[in-house]
Structures are given as structure tokens and as C-alpha cells.
Amino acid sequence: MTLEQDLIVIGAGPAGISAAITASQHGLKVTLIDEAPIAGGQIYRATPQEWTPNTNGSPDQDLDDGNSLRDSLSKSNITHLTNHVVWAVAPGFEVRAVSDSKEIKLTAKKLIVCSGVTERILPFPGWTTPGVIGLAASTNLLKSQQILPSREPVIAGSGPLLYAVANAIIEAGGKPVAIADVGSLFDWVVSLPKLFAAPALLIRGLIWRARIFKARITVLHRHHVARVYGDDKVESIELMPIDANGTPLPKKKNIKIKSTSLIVGHGLIPSLEITRLLKAKHVFRAERGGWIPELDAFQRTSVSGLYVAGDCGGISGAKTAALSGTIAGLQASFDSGMITEKIFQDLYAPTESKRNKAERFGKRMGKLMSIRSGLLEGLTPETIVCRCEDITYGQIMDAVNAGAADCNEVKAWTRGGMGPCQGRTCGETIAEIVTRQVGDRDKAGFFTARVPLRPCTIDALAPVCSYDDIWNSDVAKVATAILPAENTEYKNSKK
Amino acid sequence: MNAKTHSLGRFDITVVGGGVMGCSTALPLARAGLKVAVFDRRGLGLEASGRNAGSLSPMIKKSELVAHAIEGYQMWMSSKDWLGADIGAHTKPGMIVAYNQTEAEALERLVTDRCANGAKIELISGKKAIEKEPQLSSGITLAAYSEVDGHGESNRTGQVFNIALDQAGADIFSHCDVQRIEDKNGHFEIHTDKGIAYSTKIVLAGGAWLEGMASWLGFSLTVQYKVNQMIVTERAPTLVRTVLGVQNGLLTLKQATNGTIVIGGGWQGHGDLENGAWHIEPEAVVRNLQLARYVIPQIKDLRVVRTWLGLEAVLPDYLPAVGAVPDVEGAYVIGCCRGGWAIGPCLGSLLADFILDRELKLPIFDPGRKIDAKPFAAAGSASKGM
Ligand SMILES: Cc1cc2nc3c(=O)[nH]c(=O)nc-3n(C[C@H](O)[C@H](O)[C@H](O)COP(=O)(O)OP(=O)(O)OC[C@H]3O[C@@H](n4cnc5c(N)ncnc54)[C@H](O)[C@@H]3O)c2cc1C
Ligand SMILES: Cc1cc2nc3c(=O)[nH]c(=O)nc-3n(C[C@H](O)[C@H](O)[C@H](O)COP(=O)(O)OP(=O)(O)OC[C@H]3O[C@@H](n4cnc5c(N)ncnc54)[C@H](O)[C@@H]3O)c2cc1C
Chain A
139 MTLEQDLIVI
149 GAGPAGISAA
159 ITASQHGLKV
169 TLIDEAPIAG
179 GQIYRATPQE
189 WTPNTNGSPD
199 QDLDDGNSLR
209 DSLSKSNITH
219 LTNHVVWAVA
229 PGFEVRAVSD
239 SKEIKLTAKK
249 LIVCSGVTER
259 ILPFPGWTTP
269 GVIGLAASTN
279 LLKSQQILPS
289 REPVIAGSGP
299 LLYAVANAII
309 EAGGKPVAIA
319 DVGSLFDWVV
329 SLPKLFAAPA
339 LLIRGLIWRA
349 RIFKARITVL
359 HRHHVARVYG
369 DDKVESIELM
379 PIDANGTPLP
389 KKKNIKIKST
399 SLIVGHGLIP
409 SLEITRLLKA
419 KHVFRAERGG
429 WIPELDAFQR
439 TSVSGLYVAG
449 DCGGISGAKT
459 AALSGTIAGL
469 QASFDSGMIT
479 EKIFQDLYAP
489 TESKRNKAER
499 FGKRMGKLMS
509 IRSGLLEGLT
519 PETIVCRCED
529 ITYGQIMDAV
539 NAGAADCNEV
549 KAWTRGGMGP
559 CQGRTCGETI
569 AEIVTRQVGD
579 RDKAGFFTAR
589 VPLRPCTIDA
599 LAPVCSYDDI
609 WNSDVAKVAT
619 AILPAENTEY
629 KNSKK
Chain B
18 MNAKTHSLGR
28 FDITVVGGGV
38 MGCSTALPLA
48 RAGLKVAVFD
58 RRGLGLEASG
68 RNAGSLSPMI
78 KKSELVAHAI
88 EGYQMWMSSK
98 DWLGADIGAH
108 TKPGMIVAYN
118 QTEAEALERL
128 VTDRCANGAK
138 IELISGKKAI
148 EKEPQLSSGI
158 TLAAYSEVDG
168 HGESNRTGQV
178 FNIALDQAGA
188 DIFSHCDVQR
198 IEDKNGHFEI
208 HTDKGIAYST
218 KIVLAGGAWL
228 EGMASWLGFS
238 LTVQYKVNQM
248 IVTERAPTLV
258 RTVLGVQNGL
268 LTLKQATNGT
278 IVIGGGWQGH
288 GDLENGAWHI
298 EPEAVVRNLQ
308 LARYVIPQIK
318 DLRVVRTWLG
328 LEAVLPDYLP
338 AVGAVPDVEG
348 AYVIGCCRGG
358 WAIGPCLGSL
368 LADFILDREL
378 KLPIFDPGRK
388 IDAKPFAAAG
398 SASKGM
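Just so you know, the protein sequences line up as chains A and B, in that order.
The numbering of the first sequence is the working numbering, which starts it at 139 and goes up by one.
The numbering of the second sequence is the working numbering, which starts it at 18 and goes up by one.
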């Protein structure tokens, strides 16, 4: 089955919904596709209040915002495919997705990628012990499934999610044993002027801090996990003091805390598999989450017809995501000849100024979550770095010391990043390790993006068909049979 | 540092292209005491040599290459001895199955031809095939079976050669793009984006990019390439014991030591010399998987975790180029071999012997030969390939 569209939008978070609605309003035939069962993306299914600008700071605001977006979506003529995992994207554009064992093909001249973020978790000795979970994962448990990940966890890492999760656990009747924040109080304070760009959020953040204080929860600033103890479950957690770069301070005392659960996360990184597959240009901006696609003021990438909106274009929060989505939808409509330059300008100008304002706050938040390379200095040679393939820090260092000079070389030599998660978890760590050797992230590069974007069963991707059907397919005709090679045409390298 | 004038050093011999061909030529030369440089614009073994399916399959290679393939197979099997590292090569039986009469006849011709050239392959019935490989689907008309087959972890090619070349005293210039070579009558100037190297002799080993390299020296070589894609599943308990193929082409399937199932067969993705092999053809992934599950139905519940692709180069007569560049004293070429990962170590050591004026154990393949475009396209001889 092939569906032909004017525009495909991948990701139904605030960015994707806004993009799809805008483009649809201007007459484009749009398909919006997401693997989640309902629209809304991370923020409107997860907790995330601290980031969501609203007037009264009430927690229901997110729900309201989410519902109103969903409402506009359902009133539009957008084809909204839920529960569809995009497994491949090809230039031109072709989008392939699977759902309930059915595989579909969509094509469109324009593609807007709004695939959001992935959580960054930097390893430490014991991080693969059962009982250690991600901040983002626990947010999802708390909000969308109303499950308390643990009553008395230690919460560690960086960024606003630390306090959001702590707060949610207190609200649900639990009591975190301690919070270990990689950042210092000072980091937050210097952010204040920018955070004042969104006073409601700032107030919400302060309320949370007050509640955590009142609950007498130990908050350790500039601390990182030194080690998790326990074999098949977490028994205790050792925390260590670090400097501004995350480097351990061995002269200061570590603290060991008994707890059966550790919730940890080191910020969010843009999900770039799709823009990488399509060979868009990327630039490294630590304060925006790391690698981001190079975008102009109209959300266009370096690839014609390809736009990016939302956090996958650089961490900047939900409000910016929605506004950048609107701009991408507007630009795609203009590029498809659906609106005049005048209309475009009239609609673009006010949205742009709102986006720029929202961005100031979002970027500050992004900065609080940016990676600190010293955090990897507590690793021991036995610490697992790639958990899919069980590759240790020692193995990665051996490869780097023997001459592996970029991420893909380390991947080929060690298999690190070759497992089911495609390096989504270890990619950042390996890149940081290589960077220490070669100088900067540009030289270290990043793992080549590969499909499927998510592991998919053979059954879902390739339904049973007859032997003859396989041979009669167009792609079989251009394949190089491994045995009867001579009969097949090779491309001549002459242009 | 000015790349136009900065000297990268003087060498006895410079190898341009750090795939299996270039590296296995460079290693014996460095060990023979020559001052050797290896240039690659990426890292060693990151193109075809690190992305291939790792099949060794010596018995089904093109007749002229069976002996070389058996030698290459033995070299990979004993890589610890000569390379200093185990590439994870394992012996496994090889099997090619035919599902109808036409395929069966072609298979029979293939086996007869290869056996006449020293290969040890037997034809077995469908029933016998299933005894040897119980997960095979029914309906097999005929199968070819060989005890001597296997595969290795070709992704580690760059790693093992990097370490070995370094120990042998060769200079490795990775991430160094060679832009042209000037023949200065008596020595060569190798111009790169990082500076100039000076070398008495030169070996061109650029894989799919060999044609352009040859043209630097005024040598015209018609290199053709394919953009082959591969698929790998998550780890699974033992399901498949052989290196498996279908006679009518388009499927190679085997289970790696770590339990993952590696599926290929020459399905085409997209790429070119400028961008390399860069994106898969989703439909070809789907068809390749349909064929795979047709042959081994049990794999249907496994998850596909990754696909990748690479450029595979050949010459129009499907034989490699290994030898001297005609009319350019001191210049050599190596590459364009189907099944080139398996055969590479053998061809590299032959070229090194040739350069060192040693006796050759097996014939090499004159790059200056007259290359006939389609010598095997005669009707009905489809199975003479590889
Ligand atoms: C746990 C968590 C908590 C957060 N909390 C906050 C917060 O409090 N405040 C805040 O402002 N921001 C928060 N963020 C950041 C948040 O993601 C963004 O601010 C906001 O949701 C960005 O919107 P978006 O549209 O760019 O992406 P998202 O809302 O993340 O939407 C991306 C969508 O793309 C879909 N998708 C991605 N890849 C595929 C694929 N291959 N196939 C199908 N679908 C795909 C995903 O299912 C997802 O629904 C949080 C992020 C996380 C992970
Ligand atoms: C998907 C796939 C599956 C395959 N399966 C098998 C198999 O199962 N068994 C088997 O035996 N063979 C297989 N092959 C074939 C085998 O991989 C190749 O024949 C072999 O690796 C070729 O080696 P090479 O050194 O000639 O080329 P390459 O490995 O491509 O090396 C050429 C090198 O030259 C470098 N280079 C190019 N231009 C420049 C420049 N200007 N400056 C500096 N460096 C440059 C490149 O970066 C590259 O590293 C497969 C190939 C592919 C693509």
C-alpha cells in the first residue's frame, strides 16, 4: 500500500501537531504519524510542568494544552496515524512504517521531522543493575501509567527533570532519599535572568524546590553517582562530589546511601536518526543538546523539502516546539505554492517573535542539561558502556588507544553501538570518550544512522508471500545475484 | 601548516586505500623492511572491507579464483598466526539450495564446473539438505553442500590491520584524503588534504574509487560497482548452522557466533562515488527478508536491529586487477574482486611478493589485460558467476 501525500509529519508532539495543522489549514494533504497511541508527544503524556509556560502554574494546564491540541487535530482533515512506528525514511521522500504487523509506504514531496528527544544517561559503575531507571522513563511511568517507580529512590543527574520527578514522587506519597544534582545552585542562579523570560515556570520551579525542602530531602549539588552496589538489584548508592566540569574531587568525601532504586538522567538529546539518514547538515551545539540539524529561521534543513521542528532541532521546550512547528508548516505551505509571499510574511512575523522569546527560556533549560565531560572520569575499565553488546569502557579505551579515531571506527572495532538500541544510549558516551582523544566532537563524528529506526520483527516488515512474487518485484530485478553475477548490470563509475 | 607544501615524509612504498586489499599488500611489505605508508580518507576498513557479509565461501568462487579463495580462507582461519589477531573466522558448512527445476539444473552446472577446478562440493537431495539444516523450509529440489565454508567478523578488518601495520612499522595516515598523484619519473608525489608524501613506489587500492585513482596516472580502468545492502537481526538461539544461499541468487544467510542472523544477497541500496553507499532501499529490505523467511520460516519472530550497505567494485570480466600499472614504472593496482574480503589477504600477499620480486605461489591478474565486457553472459550459463 502506498499513500501519496503533499506533506508527511513525523512525530505528533506539540511541534508535529502544530506543523500538521498549519499546513493542513493552508490546503496541503497531510499525514501525521506517531508510534504513540494518542497525540501529544512527550510533554502531554509525560509530566513536565516546569517547562510549560502557563498563567497560573496549575498542573492541569498541560492536560488542557494537550487536549486543545488534540481537539484541533481531530477537527482537521489531517490523516493521523497512531501506533505507527516509522522504521525507514528515504530521500524524495519515502516514509515506511509498521503497525500491528502491517507495513505501509507513504510518499510526499515535503517532510517535517518532529521526532523529539532521547534521554541521555551517562554510565557509572553499576548503572546496568536492575533498579536503576531513567528519569524520562520514570516520568512516563508516573504520568501516563500512574505508577510510582519507587517510593524511596535516590534521584540523580542534571536538569529540571530531577526536581519534576522528585516532586511527582512526593505528591504521590513517596519520599526520595536524596537528590544528587550535577549542577550547582549557582548554575541555577545565573540562569535566573533568562528564566525570568517565563516567570510562571520560574515560580513553578521555586514551588517545587520549596516542597522538596519542606519534605527535608537532602539535595546534594555538584554530586554524581560514584557507584551502585548490589548484584541483581540495587542495594546502595555511593555519591561523589564533582567540580563544575563533572570531574570527581577525590579529596572530598563520598556519601553512601541505602536505597533499592536509583532514578538517573543527564539531560535530553535531539533524536536525529531521520535527519542523519537524509544527510542533512548537522552542527554541534552542546547547549542545545549536542548535535542538531543546521536550520535557517524558517525551520529548513540543508536538504530541499526537509524541515525540522521542535526539540529535535535543538532542546528548547514545548512552547518553542509548537511555535517552530507552526513556522515549519507555514514554510512548507509556501514552498508548495499554497500561500502567497504576503500571507506568509503576515503570518510568519508574529510567530517568529513569539518563538524567539520562548526560545530564550528553553535554551537556558537546555544549557542546564548539557553534557559535562568530567562525568565520565569515574568510569572503571569494567564499567559497561554499550549495554546492548556488553562493551566495557576498557574495550572502548583499548580501541581508542590503538588508533580508532572516530565514533564509527570505534563502533566497527568494538561493536559498541551495534545492538538493538542503535547506539541511542551509548552514542553520547562513546563520542565523549573519542573526543577526549581527538580534541572535538566534530572530529569524533557520530554513529552513521541505520534503519530500522526501531527494532521490528521480520514478520511485521516482511509478510509471507510466494516465491515468484519475490522474484517478480522490481527490486529483485536490479539486485546482484550472489551466484549468477555476470548477468546483472553494475553501475559504471563514469558519470 | 599548508597542505600544498607540508611534507608527510618519504617512503619506499605508499598504499592509497586502506581496505583489505591495500592493508594486506602493505603488511608483508612493511615486514620485509620497506618504509611503508597507508593512506585512507576515512579509517582503515570502514568501506567495503568493514561492511561486507564476511562470507568466506571459497568453493563457489569463479573458477579462476577458487585456488585463491581457498588460500584466502585458510589465511583468515589462521589470522592469529600471520596477522597477530583472530578475526573470529569459523568454519561452517556451506549450502546452496534450489527450489525448482531451472534452479536445480543451474546448480548442477555450477557444481560440475567448480569441482573441475578443484573445489570440493557435493550435490545432495532436498531431504538430505533438511537433515543437515533442519530449519529449512520444504520444497527444496536440490542442494549443493560443502564442508569448507565459513565466515568472519569483517567489521574488525580495520582494527586488526591497524594494529598489525603499526607493529610492523608502517605509517598509517587515516582521515587523509589523497587528491592526486604525480609521477615524477623515479618517484611519486602523493598530494593529500594534509600535505604531500613522496614515495618511490605506489599501490592503488581504492576499492570502488579505483577508476579515479588509476586516472591520476593516466591509466584507464573501467570499474563498476554495486550498492549492496545487509540486514542483521537480534541475537537468537542456534537456528542455522550453515552459510546458506539460494541458487537463484539474492540470499545469503548465516548465524554469527554471537547469535545474530546476517542476511544479504546483493539487494541494492543507493549510493554513488561522491556520497558513498548512503541509504538503503526499504522495498529491497522487505523483499530480502521475505526470501529469508521463505527459506528459514522460523526467523519470522526475530527482530531486525540494523541494516547497512557498502559499495562493491568489480571489473567487467568479474576478475580482479592485481599487478603493475601498464607503462608506469613503480605503480601497482589491487582490487575489484567479487568475494574480495575472503580473497583479499591472498591477493595482497601475492602483490607484495610480486613487488618484492619473489616467486608467486598463484597467478595474479594483469590490470592491463584486455577486459571483455560480458564473457559469461551466454544463455543458460547464469550459474557460472562469482
Ligand atoms: C520524559 C520527558 C519529560 C519532559 N519534560 C518536559 C517538560 O517538563 N517541559 C518541557 O517543555 N519539555 C519537556 N520535555 C522535553 C519535551 O520533549 C519537549 O519540550 C516537547 O515535548 C517537544 O515537543 P516535540 O514536538 O519537539 O517532541 P515530542 O513531544 O517528544 O514528540 C516527538 C514524537 O515523535 C514520535 N516519534 C519519534 N520517532 C518516531 C518514529 N521513528 N516513529 C514514530 N513516531 C516517532 C514520538 O513518539 C513522539 O510522540 C521532556 C522530555 C522528556 C523525554
Ligand atoms: C555489502 C557487501 C557485502 C559483501 N559480502 C562479501 C562477502 O560476504 N564475502 C566477501 O569475501 N566479500 C564480500 N564483499 C566484497 C568485499 O567487501 C570487497 O570485495 C572488498 O572488501 C574490497 O576491498 P578493497 O580494499 O578493494 O576496497 P575497500 O574496502 O572499499 O577499500 C578502499 C579504501 O579506499 C579508500 N579511499 C578511496 N578513495 C580514497 C582517496 N581518494 N584517498 C584515500 N583513501 C581513499 C576508502 O576510504 C576505502 O577504505 C561484499 C561487499 C559489500 C559491499
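It should be emphasised that the hints constitute simulated quantities derived from the structure, not laboratory data.
Bear in mind the structure is a predicted one, so any value in this text is a computation, not a measurement.
Ideal placement from N, C-alpha and C gives every residue a C-beta, glycine not left out.
Be careful, since some hints might not be right.
[What the hints assert, rightly or not] Label pairs and their in silico Cβ distance ranges:
| # | chain 1 | residue 1 | chain 2 | residue 2 | range |
| --- | --- | --- | --- | --- | --- |
| 1 | A | 352 | B | 274 | 27 to 37 Å |
| 2 | B | 206 | A | 417 | 28 to 38 Å |
| 3 | A | 425 | B | 204 | 49 to 59 Å |
| 4 | A | 586 | B | 239 | 25 to 35 Å |
Structure-inconsistent hints, enumerated in ascending order: The structure breaks only hint 1.
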